[in-house]
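Count along the sequence shown from 1, then add 2; that gives the number in this note's numbering.
These aren't lab readings, by the way, just hints derived from the structure by calculation. Please note that the accuracy of each hint is not assured.
[As the list claims (entries may be wrong)] Cross-link-like lysine to aspartate or glutamate pairs, in silico, DMTMM-like; alpha carbons within 25 Å at most:
| # | residue 1 | residue 2 |
| --- | --- | --- |
| 1 | K379 | D336 |
| 2 | K99 | D64 |
| 3 | K63 | D92 |
| 4 | K375 | D307 |
| 5 | K63 | E74 |
| 6 | K234 | D64 |
| 7 | K334 | D64 |
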Amino acid sequence: MNRLWMRITIGLFVGFFFLLPLPVQAWKNHTLMTWAVFQGWDGLQETVTAEPLEVFLAREKDKIGTLLQSEEEWAKTHIHAYPPRPPELDFITSQEKDLRLRFLRALRLNPEMKLPLYVMLLPGLSAEEGKTISRSEVSVLSKDFEQRVYVKLSAGEKVKALEVLATASDEPDNGLDIGLWEDNGTEFGRAYRYGKQPFGNPKLDYGTQAPFHMGFYHESGIVGKAAPSFLKTFPEQRVHLFQALARLAFQTGHPYWGYRFAGWGLHYLQDITMPYHATIMPGRSTLTMLSIALLDMIGIHGPKDSAVSEVSRAHIFIEKLLNQELHEAYRKNDQEAALFRALRDEKADKGYPAYFDRFLSQVAAKESRAASKPLYKAVRAVITDKQGYKDIERVSEEGDYDARLYMAGAPEKAVQEYHRLIEERMRSFGAFSRIYLRSLR
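Model the full structure from these sequences, guided by the hints.
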């Protein structure tokens, strides 16, 4: 009997995560939220000097090499199922002459990332003629229905620290973690020896980053026993690595890269504040999922197909609606918008401990998973255009759209509850971001 239940559980989780078209991001544009979180921080109003990555790497090569060796040992000791880095990728002994490539490969990041000097403009702002930089220069992903504006910086140019931090907090979603598994069809994926992608579709480029941006640290014990591959997630390793690099950059007189690495680390912590990145099937108990799996095994596929689609639709709806509301608040310069107030609410910080190595898994992920069921119910309660909503996955892939149309005419009480829960998530997003940044200097 125990073996039967184990087979059912394995079939359920493998089926769900291989078929699920995971959205690219937890939150659609981290820059918009990070800027709001830190807009009033005095320390981030300072200007720093834009510096090419190669300058930092050349000047601090030995210290970087030592730090990366230390980080590798930390990860092997503290990160569950962490695959050791191949010796030939070591930053100091690598034969790669290009410092940027040597660095990216030592960190096992996508080597196609060009990492130019740039910042992203907030909605409503425009760049000087000739100052913009194309998306292809900053991202390996081509689609951008937001029409974001990126401004190129010159080496030696002064830039506000907040602009660097906020821009960098969205940068991992530009492709740092895409194509890193051996079954992703990339040369570097095979060289990095992370193994086969543990969940998500290895054939979809944006889906290949999922194990680095999700963390299922508080699922039922049966999940870990039946499907251990879903516990092979690495956001905590990423945060620790970029936190260490940020500290080194600050300590050695490279504040531009201190803030940029800090933003990279922020991203993964912020991702976990999205409940759909902290639990496998929001709103459903393990027993319910097992029941769905049993039906699927005997040929009744409808419940599983419905559950898979529902997770994807809700994720897309939540992030799109939030993004629309943030864009609107920025364009109106509405500093009293509810989302802005929640993001900068420092009173929320007092309810959490100071940052520690397992903060992401033990504090952020635990809270986020607990928030998943209420948010699941709230989404169901506000959707009025149920027929149109069924098509949101396709619509989101084809261009821009208005997520508010799916909830037109929803009961006011349901709308208020939905927004209350999102604002609660934004308070945590802001609090965790500030707690993390305080730990760096």
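Each hint tested on the structure:
no., hint, result
1, K379 x D336, "violated (29 Å)"
2, K99 x D64, "holds (15 Å)"
3, K63 x D92, "holds (12 Å)"
4, K375 x D307, "holds (20 Å)"
5, K63 x E74, "holds (16 Å)"
6, K234 x D64, "violated (31 Å)"
7, K334 x D64, "violated (48 Å)"
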